Structures are given as C-alpha cells and as structure tokens.
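Starting from the known structure of chain A, arrange chains B, C and D on it as the hints suggest.
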Amino acid sequence: MGQTIIEKIFSHSAGRSVKPGDIVTVKANHVMLDDIMMPFIVSKFREMGFTKVFDPECPVIICDHLVPASQVDDTRAYHISCDFAKEQGITNLHRSDGICHQLMTEAGYVKPGQVVFGTDSHTTTYGCVGAFSTGIGYTEMASILGTGELWVRVPATIRININGKLPDNVMSKDVILKIIGDLTAAGATYKSLEFAGDTIDNMSVASRMTISNMGIEAGAKCALMAPDAKTAEYCGIELDEYQQSLFGDADAEYEQVLNYRAEDFVPSVAVPSNVDHVLPISELGDIAVDEVFLGSCTNGRLEDLHAAAEVMKGKHKADFVKFIVTPASRKIYLEALRDGTLDILSDAGAIITHPGCGLCCGRTGGIMTDGEVVVATNNRNFLGRMGTSKVKIYLASPKSAAASALAGKIVSA
Amino acid sequence: METFTGKVWCLGDDIDTDIILPTEYLVFKTIDEMKPYAFSPLRPELAGRIQPGDIIVAGNNFGCGSSREQAPEVVKALGVKCVIAKSFARIFFRNAINNGLLLIENSELPDAVSEGDEISVNVNEAIDYKGKKYPIVSLPDNLLEIIDAGGLVKAMRRRNGLEN
Amino acid sequence: MGMTIAEKIIALAAGKPETHAGDIETVTLDRLMSNDGTTHLTIDMYNKLKDPHIADIDKLVWIVDHNVPADSVKTAASQKKMRDFAKEHGIKFYEGEGVCHQIMMEKHVRPGELIFGADSHTCAYGALGAFGTGVGCTDYLYAMVTGTSWVMVPETLRFNLHGKLRDGVYARDLILTIIGRIGANGANYKAMEFGGDGLHSIDMAGRISICNLCVEAGAKTGLMELDEIAFDYLKEHGDRQPKAVFAPDADAVYEKVYDIDLAEIEPIVAKPHFVDNVVPADEAKGVKIDEAFLGSCNNGRIEDLRVGAAIVKGKHVHGDVRFMVVPASRDVYKQAMDEGLIDTFIEAGAIVMNPNCSVCWGACQGVIGEGEVLISTGTRNFKGRAGHRDSYVYLASAATVAASAIAGEIVTAQD
Amino acid sequence: MGKIFRFYKDVDTDQIIASQYLLFPSVEEMKEHTFESLDPEFAAKAEPGDYVVADENFGCGSSREQAPAVLKALGVKAVIAKSFARIFYRNAINIGLPVIVCRELYDAVETGDEMELDLKEGIITTGGREYSCTKLPAQMQKILDQGGLIASLNK
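First to last, the protein sequences are chains A, B, C and D. In terms of my numbering, the first sequence opens at residue 900 and continues consecutively. In terms of my numbering, the second sequence opens at residue 755 and continues consecutively. In terms of my numbering, the third sequence opens at residue 669 and continues consecutively. In terms of my numbering, the fourth sequence opens at residue 164 and continues consecutively.
Chain A on its own, in the form it takes in the complex:
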C-alpha cells in the first residue's frame, strides 16, 4: 500500500515500514536550539547526567530571540549559548544572523527527508523542503543531545490539494490563514499536513516556508511538501533517490483530503486573538491601525520585503503609524539592501531593525499598550503576545500589511 510523505520519512529513519499510530524511535539529523531555551536545555542536560553531546555536528545553536538584548538579563542566555557551544565543540553557532527557522534551511543545515527537532514550535517550517521537523520542549532536547534520538508517534496525514492561480493580491500567507481557519486551531493536532497541487508547485520555496511555518497553528506535528527542482536548487543539492521518493503516493491512506481552488483565496486576516478566527479583509469594516509589523520566520523573507516594497514604492506610511520591518536573516537584509528594497521601505517611513525574532516574540521590537491595533505578518495573535492583553493583533500577508501601513487602516493591496 502507498505511503504519505511522513510515513516514508519515518520508515526510512526507522529502517522498517511504519504506519500511523506506530511509535518509533528516530535519529535526529539536526537539532535546533534557540537562545531563549538554552539556559534550560543546558541545565537539564547536566541534571540528566550527560557530559558530552552525542555528535557536535548535529546541534545548531541560534541566538535570535534575545539579540540585541533589550533587558539586563538577556545576555545571560547568549553567554550560556556561546559557552556551551565552546565547551562541546559545537561550531554551528549563530550569534546575530537572523531567525532560527530561516537559518536552518538558508544556511544549508536541513535537507529533504531529514528528521529535525527544535525547541520552538515553528520548527514545522522545514517541511517546506520535505524534511520532518517539529517543536519539542527543552527536557526532550536535553535528552536528544545526550542520546541522539527521540521517540515519535507516526501521525496520520491530512492532505491538502491546492490547484490553480492565486489572485495578484493574495500571498501564501492568505492561503495558510484560510486553511487554518477551516481546520481550526486544533484541527490537525497530532497530524501531519501534506500540501500538494500545482499552486504549491508554482510557489517559491520562500512562499512554501510560510505555509509550513504556520502548520503548527492548526496543531499539526509537521507540515510537509514534496521536494522538487526548486527545493534542490534552494538547498544547493541534487535530490537523491530517497529524496525524490518523498511525495504522497496516489494510493496512500489519508485521514482527510481537502481540495482548494487557488482562485477562491482572498486577502485575509486572523482577527484577535485566535489564529483560526480568519476573515476576508473585505468583511472587516474600517479598523484604524497604530502599528504594522513586517517580519518574522513566517513572512520576513526577501520576497515578502519585495511584496511590501512593490505596494509602497514612492509612497509614505500614514502619519502616526509605526511601521516596523525586521528581515528574517542577515542574508536577506543584505540582499534587500543591495537590490534597493530597504531604500524603498525606508523612504516609506519604515523602522528597519536588525534581523531577529523582533516583535513576534514579544520581548521588544515594537511592544504596544492598551487600545493599540497592529497588523502583523507573523504567525500568532495570541492575547498579550505583543504587549498588554488589550492590544489587538491582526495577522496578514506582507502585501496587506504594507497597504494597511499606507492607509492607516486595515486594507488589502
């Protein structure tokens, strides 16, 4: 019988054919450790009685939540990260290069078909290149550092087919918001999401990344896409036989199959304070905005900055609106700098910060207070995530965010 992508990856990793519900122990090809969790990971690692990381090539330590530090204790996590790397001979260390999920694929760590764990829920992102990746807690991370492996339950798969051409003002963010709205926030809990169809095929890896990144918002364990020529080019590899086999078989068993027509998608927002409370922007009415945030591991990539720049070129943000741009990585910053994108955004009044998690992680980068409304391109609009619980967070695409910054109210491009 045929298999879904996740079944193929876990079968390959376990060395035997697996089916949903099976509990298997898999080896991690890479693990991603972010600064904010490092103090806890290291302390659990020692408490468990480990002294040596099983393979110093496996962990990638990324300082992104707390760099540059906004509070006096922030550099503690930074030093623990750097010291642990030094102690263990871990050379995969990024001190200020951007957001972990961007770097894991961009810097060439994750390849199609691999198994990757990270101490951040948006670790699902690497599904965009056909890798299994999922978020775990720091205790499990400590155990993997010691043992190199972790048990997983093979998830059932929800297949999502999207075919056709997306409207011009619609981005992959609108697609995944609509799907999360349909699935609901818990609709894919314990499940693997598998995206396919010519709309996905025609998307850049960056656009796919947005979709995989947000799979967790429907509760999914992972959000996978079959690797193709674009994936190979992005990863700088040629797909081997195993990697080429990573697509959902026609006779694979899916728990659910959803079919979407690309033409039906419209610019959408997730309204406060649930990611699955999704509405077309056209149904919102007039909502004035105080702040716009363009960035994050969901939508801080070059094509996102391009999309915003295209909307804003020669124009200026509305008065008294804060427009904050935080590119996802150092490489993206540099590319956007060199091709003039940052110039356009700066002329439009953007506050451009160094790459990092920025506002999305709620530590700094544009925190708000009671009564403020933000249109943000990131992945969560939870109560209190970007300030007080009376801040209203609307999640939208980069195009919609840019258009809203110009208009001073929520509109689509």
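Hints listed in this document are in silico derivations from the structure and should not be mistaken for laboratory results. Bear in mind that the values here come from a model prediction, so they are computed numbers and not experimental data. Incorrect hints may have been included.
Partial list, derived from the structure: chain C residues whose beta carbon lies under 8 angstroms from chain D [said to hold, decoys possible]: (1) GLY670; (2) HIS708; (3) ALA723; (4) ASP726; (5) ASP787; (6) ASN856; (7) TYR901; (8) LYS1051; (9) GLN1082.
So these bits of chain D aren't anywhere near chain C, every CB distance computed over 10 angstroms [what the hints assert, rightly or not]: (10) ILE167; (11) PRO211; (12) GLY238; (13) LYS240; (14) CYS265; (15) ALA271; (16) GLU273; (17) THR274; (18) GLY275; (19) LYS283; (20) GLU284; (21) THR289; (22) GLY290; (23) LEU307; (24) SER315.
Computed beta-carbon distance windows for the label pairs [as the list claims (entries may be wrong)]: (25) C/ASP871 / A/LYS985: 37 to 47 angstroms; (26) C/ASP1058 / B/LYS886: 52 to 62 angstroms; (27) B/GLU859 / A/ASP921: 32 to 42 angstroms.
Where a beta carbon is used, it is the ideal one built from N, C-alpha and C, also for glycine.
What follows is chains B, C and D alone, placed relative to chain A:
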C-alpha cells in the same frame, strides 16, 4: 491507583502558551520567579489564587502555541494537581508528561463543571463529579514508562547510572 | 562691555541690548524639543494645570527616539501618551527617525536661537551657533505654557583651537581630552565657547560631537563661531536662514581662556565610570570586550560610520563581540546605504539597528549584562549606564571602537 | 531628625534612577529603583524625612527630572552636597525638593547618622554641631517659596 480531590478552576478553549506564560517571563532564571505571571494575560489574579492540589479544567486545545516547556512547568510549580481538558495541544502534552504534570482528556466534564466545585480523580479510572463518573482513557505504554520513572530527567539519570 | 556668544544670544532672547554673566534674564524661547525620556511626565503635569494651553505650538518639536521600537508595555504606554497628545495638538512629531539632537541639527536648529531641550545633550546645537541647553520636564512645561523661562547668564570658558588634528585623531578625542582636563564639573553652570583657526579644520560632525559632550563637563551649553562649513551645512539641510550670527566681541570677558594645539591631541579612552576618567587609548589596550557600539548623537553620523566601515571592511567582527552599529538618523542611514557602508557592516557581522538612542541610553537595545564590558562612542560611561549595574563602559572614538570590535579587546586603529 | 544616606562624588543621574525605568508611566512606579546601582536596598530603607548627603557634583549627567522626582517621592527631605550639577539643581528646585550646598557636612558624617535641617535659617544640626549652608539664589528661593515652578502657572 492514586485518588485525589481538588478544587476546580475553569478556563475556556485554546488556552495558548502565551496565556499560560507570556514570552517576557521565559528568560527568568527559575520557574519560581515565573510563577506569579502564569495565565496573566487572561486572568492576572489566577496565579495568586491557585492552591496546591487545585485542578484546572479547560476546553479544547489546551496548551496550543509555542514549545515553551516553562508552560507546563509553571502550572506544576503552582501546585496544580492535574489539568483536565477536552483536548491538549501536542507539544504541551509531551512537555507536561516529561515533567510529570498529569493531564487528563475528557470531553464531557469541562462543560458540566463550574469553577470552585470539587471533583475527585481516580487516576487511569474515572473522575467523580457530583456522583457522576467520567471515564479516563489510559495513556500509551511509552508515556506511562516516562511517568513511572518520574519524568524524562529521571529516566535519563537512570539511563546514565545516576539513579536506580 | 564686550559680550561672549552666550551673552549675545541671551540678550537677544531677553530683548535687551546687553547682558552679562551672573545676570538673571527672562527669555523668550525659540524652540522647545522634548523626547520620550520625559514627555509622558510633562503631559501628566500639563493635564493637571488649571488653565492648560501652549504658547506657540510651532516652536514645539517632539521626538520619540529613546526606546524605538518599544521594548515593553510601560514604554509603549508612555510613548502612546506622547503620540496621542502630539496628534491632538498638532505638534511637530518624529518617531523612529533618529536621535533627537541629530534631527534637530538636520532640520530645525538655526544660528542665534535659544533652545530648551528636555535632554541634557541639547548643548549640541552650539555647533550651529545656537544656545541649546537641557532642562527637566517642569522647566519644559513652564516654557511650553508661557513661551518663556528664566536663565542665569553663564560665565564662559573660551577654547581657542589651533592647527589640525593628526590622522587617526578625532574631534571626540579632543572633547574627551578637554573634559579630562577640566573635570566632570569643570564647566558647571558655564558656557564653553570654541573658536580659533583650528576650528575650520573640523567638520560639522566633529563640531556637533564636541558641543554635544560639553554637558559632560557640566556645561550649560557649548557654542561655536560660525564659518563657511556651518553655512554650507545649513544650506544643504533645508536652506535654513539664521536668526542671528554671533561672534564674540574682542573685549568679551571670559572666566578662562584655553589655547589648544590640535596636533597634540591623541586617541583617548574614558574609562569606567566617569567621562573625565580619561587616559591615552594606548593605556586602555588589552581590555577584553563583549560589545562595541558605534552610534549616538555624539558619534552616529555619516562621517563616523565612514571611519568605522573603513576599518572593518573585509574583516569580521570578533567572535566574542556583538558590534552594534546605529546610525543617528534616517538620513544618515540612507546615506550610509548609498555609500555601501551598511553593506560593509552587515558583511562584517555587525548588528545594524534602526536609528535611535540605542546602546548609549542603556535600555531597549544592546543592553549589556552582568560583568560585561562595552566600548562605546556614546555620551556616557556612568555605572550601569548601558545595562547591568555591574558592567563597564569605555568611551572612545569611532575608529577605536571599530578596531576593538574586530580585535575583541581594546586596540587603537593604528594597531 | 532624619537619617543620612551618604554618597560619594559625581553621583550621576543614571545612578539616581537608571534609563530602563524612565519610561515607566509614573514616578511612583520608578521610585523603588532609586539608587539601585549604588544601593539596591535604598528605596526600602529610606523613610520620609531622611536626607541624602554627597560630595561634589551631585546629579551630574542627564536632564531627567525623574532623578529629583524619585527622591522627592520617597520622602527625602533634602539633598545636601558640596556642589550640584546644574540641571539637577534646577530640576530639584522646580519640583520643590530642597538642594542645599554645604561644604563641611559631607566629611563630618556617615550613613546612618541623624541630622536636622532648618531650611529657613540654613542650619544643619548633627552630632552636636551646627553647620551653615549656602543660601539659595533669590530667583530659586522664590520658586521654592511658592511651592515649585508649576504652582506659579496655577496662580
């Protein structure tokens, strides 16, 4: 099997990890320092009122959101005996088990119970509320092993010969 | 009796033909700058007034620059109060455009003006021959409501500059040397006036840097004579017309006159925790650093970024160092982009932040932790200034800071 | 009588109240961080009627009016120093916090000593001795007498 009785605090659906513990407190050095801020975006008073032995009852998708393990740790540190919800988010579930915080899935009790009520839990058997029994589905074996060991840290210490 | 520049500006603002050190004058202010460091408190006091009103709305410039983008809900609430008030009253308002003093220099200050700023480094405006001085929010509010205030006319210390700074020595080294010489309260209540042939060899960036730091010697203001370099700057920045151009009278009375040979100035480092704790940079060599900061109203201009970029070009920031580069304004940032400087910094591994006060202010961005060491082009090295109360700040020129960021320890650009 | 808290030379405004607290919505919320870098317990120990005594150049640095404001909010009755930085001095008078120049007191007292200040006469009494203080300039005395600068706006 263990039986206990506790007072109930009721929360709704989709109680996310930013509600359980907002990001700004994640960098505190100890879980004890984070404790007062648990559930603060939704109910700032709650952390101060929860007593050891109390039980949290919630709707669907409890613990959705980030992988921050501070979330179950802080709930446990408040002395919460167990969390009963219609369903749990995946990462939170794993993290809770790894830390020895008891989670029970039950789809009917959350709609029946009111805040301040007392319920009795007979672990792996049933919840008793006002004389009515709500059955508890037992956990898979591999999770029971971790719980039996007293959490993942203890299991690893055992593996590394530090504990019996 | 002759007058100093400070006396002439105050006399003009007081509507008198003459005034002298020690006199107390009621003056009409030309401009009132306030930033997010204190404006929320000013507004609170304003709202409690019996008859709240603003004398001349056009004189107010409000700038959000200290914690940008906001780092906490408390910051956000205070900034929102400021934003909402500015919007309601139609006050000239900047947010995220850069450090207040740089914006004032680029867009508002005119020679001969008397300006109150609710920030101590307002004395920077003297580089354009304006009397800028820092006040608290109560003084600010009084001036905002009445359009006037009282000032005691300061004694003036005169600094005659001669010759030219050597290569690798900057205006910042000069002013740190002066502060070291006269002490942290050596100019308390006084004006520091700069002139002499040597001034012509110092560019506007250097002049702003000098005047900006006068408050670190306790000065009420720093003032400079104007020349073509200053007039060109005004022309290039909005073609601003002076209110008045003043040079001191030949028989002006100075409390003290210093003659300084610029060629004798050497690279300087101010060690923790006082700005006047200066030593030749060579004597601070070898101190391991955790962070380096190039920016601020003192040294975040395009000229400073050029110096820093030339040093780091083709090299990489030391692995143990976070190198924060923060242009002083949007114009500086844009210019630095055009010139390829930002590219150089990013390639070298620096952290380039949006224009704002950043590390110099010690909250919000690049805050240093317990036991950490920072080398900075900022204005102050007070205990705890950049973060944890047990941390250490060394002040130096852009060149020394950039070279140290590469080396991982304090070195000079010559090393 | 009030207790003396004695600090050294060049106590700057960052030490009186650090930058990270300045944007707190009110002085009340800031005051517990007063002198945090010098003595984290200061706010807890200081009682209304206590005095701060310092060497030269007290309050140098920034124009943050929060510096005298937190001292006043904690009930500090007066600051007595050998000299004051300009902006701090002016800010303190404007909000009605007495700032007294006295050259001799600093070298004669320790933290914990008790003292009394007769503001009108400009006399400090401590350890059985009297110290006379420098009088305020008339302009400043006028502001202090009328209850601070804002009071004059509300007349």
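Here is how each hint holds up against the structure:
1. GLY670: Cβ of C/GLY670 sits 24 angstroms from chain D, so the hint is violated.
2. HIS708: With Cβ-Cβ at 7 angstroms, under 8 angstroms, it holds.
3. ALA723: violated (11 angstroms)
4. ASP726: violated (21 angstroms)
5. ASP787: holds (6 angstroms)
6. ASN856: Given a least distance of 6 angstroms, the restraint on C/ASN856 holds.
7. TYR901: With Cβ-Cβ at 25 angstroms, over 8 angstroms, it is violated.
8. LYS1051: holds (5 angstroms)
9. GLN1082: violated (31 angstroms)
10. ILE167: Answer for D/ILE167: holds, closest chain C Cβ roughly 22 angstroms.
11. PRO211: About 21 angstroms separates D/PRO211 from the closest Cβ of chain C, which puts it past 10 angstroms; holds.
12. GLY238: Check passes; 19 angstroms lies beyond 10 angstroms.
13. LYS240: Consistent with the label, D/LYS240 stays out of reach of chain C, its closest Cβ about 19 angstroms off (over 10 angstroms).
14. CYS265: Holds, since 16 angstroms exceeds 10 angstroms.
15. ALA271: holds (22 angstroms)
16. GLU273: holds (22 angstroms)
17. THR274: D/THR274 is indeed farther than 10 angstroms from all Cβ atoms of chain C, at 18 angstroms.
18. GLY275: holds (22 angstroms)
19. LYS283: holds (22 angstroms)
20. GLU284: It holds; D/GLU284 is separated from chain C by about 24 angstroms at its closest Cβ, greater than 10 angstroms.
21. THR289: Holds: least Cβ distance 25 angstroms, greater than 10 angstroms.
22. GLY290: holds (28 angstroms)
23. LEU307: Correct as stated: the minimum Cβ-Cβ distance to chain C is 13 angstroms, above 10 angstroms.
24. SER315: Incorrect as stated: the minimum Cβ-Cβ distance to chain C is 8 angstroms, not above 10 angstroms.
25. C/ASP871 / A/LYS985: 37 to 47 angstroms: Between C/ASP871 and A/LYS985, where Cβ atoms are some 43 angstroms apart, the hint holds.
26. C/ASP1058 / B/LYS886: 52 to 62 angstroms: holds (60 angstroms)
27. B/GLU859 / A/ASP921: 32 to 42 angstroms: violated (21 angstroms)
Hint compliance for this structure: hints 1, 3, 4, 7, 9, 24, 27 are broken, all remaining hints hold.
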